[in-house]
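Position one of the sequence shown corresponds to residue 1 (the numbering used here), numbered consecutively onward.
No lab work stands behind these hints: they were computed from the structure. Quick caveat: nothing in here was measured; it's all calculated off a predicted structure. A hint or two may mislead.
Here are the computed lysine-lysine pairs in the DSS-like style, where the Cα-Cα straight-line distance is at most 27 Å [said to hold, decoys possible]:
#, residue 1, residue 2
1, Lys124, Lys211
2, Lys208, Lys124
3, Lys211, Lys197
4, Lys208, Lys112
5, Lys124, Lys197
6, Lys211, Lys112
7, Lys208, Lys251
8, Lys112, Lys259
Pair ranges (Cβ atoms, derived) [said to hold, decoys possible]:
#, residue 1, residue 2, range
9, Glu187, Arg16, 17 to 23 Å
10, Glu52, Ser131, 45 to 51 Å
11, Ile219, Lys197, 25 to 31 Å
12, Val162, Lys109, 50 to 56 Å
13, Asn164, Asp5, 53 to 59 Å
14, Ser170, Ile107, 28 to 34 Å
15, Leu41, Phe194, 53 to 59 Å
16, Phe110, Ser170, 32 to 38 Å
Beta carbons are placed, not taken as given, at the ideal position from N, Cα and C, and that holds for glycine.
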Amino acid sequence: MSFLDHLEVLRWTLVRSAGAVLVVSIFAFLMKDFIFNSIILSPKDATFWTYEFLCNISKKFGTEGLCIDEIPFIVQSRTMAGQFSAHIWTSITAGFILAFPYILWEIWKFIKPGLYPKERKSAKSFIIISSFLFFVGILFGYYVITPLSVNFLGAYRVADEVKNNIDLASYIGLLRASVLSAGLIFEMPIIIFFLTKMGLVTPEFLRKYRKYTLVIVLILAALITPPDVISQVIVAIPMMILYEISITISKVIIKKEKKETGLR
């Protein structure tokens with residue numbers, strides 16, 4: 001295929017992906033009450049699952065230090081189109097998240113012609129594993145990062161006279177950033193898989209720079225969580241576990257390639 005033919009294929013890949021996101025976004029738009037009342041605004045409720053879980057753990061140690069009675073702020077909209085705009089962009093975000101497996105399928109179809117037959121057989125595994133990691137990351141961002149951030153930032157005050165009346169766009173922006181960033185971070189093993197296949201990283205390289213990676217992970221954890229050590233550690237632990245899994249994946253790939261080279 002010529003360069004222009006590749007661009008044409010890429011264009012239709014993007015069109016179909018955008019179409020899938022649009023269709024799911026329309027469905028999400030119609031599910032306004034469920035998405036906002038049961039999902040978006042739930043982390044603001046003191047009865048949210050994460051808060052009750054932390055409270056139960058706290059009680060097992062004979063204290064109620066992690067229990068909260070309320071999150072002292074209200075969510076407000078200060079512009080005429082604020083709520084409608086939030087509804088639109090939240091629907092689009094939901095559309096992207098739910099259509100993610102299909103987007104991966106479209107990406108796979110685009111790169112498939114440039115792969116060996118043996119690599120093409122991995123399509124199903126690639127889509128399933130990538131989607132699984134993405135959705136696990138989404139859940140981690142929603143049930144861990146978001147409530148920690150909402151609880152800390154929503155209750156933080158510089159003075160008693162200053163009340164927290166949070167704008168709807170700011171609240172949703174925090175939730176969206178927490179969820180999507182976690183979803184993408186959990187794709188680390190897949191990224192390392194392809195970088196290893198391309199010869200850009202090796203297990204030795206990943207082990208050598210493990211301590212630098214730890215620093216980077218802590219910085220990322222500090223950026224997407226409240227500025228307290230407990231929250232940062234909670235987020236950093238799964239990220240380092242993913243990094244160690246990535247090292248193992250890279251090691252298996254290199255070993256397999258060496259074995260295939262030896263057979264030739």
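Check your understanding: Against which earlier hints does the structure fall short, listed by number upward?
Key -> 1, 2, 4, 6, 10 and 15
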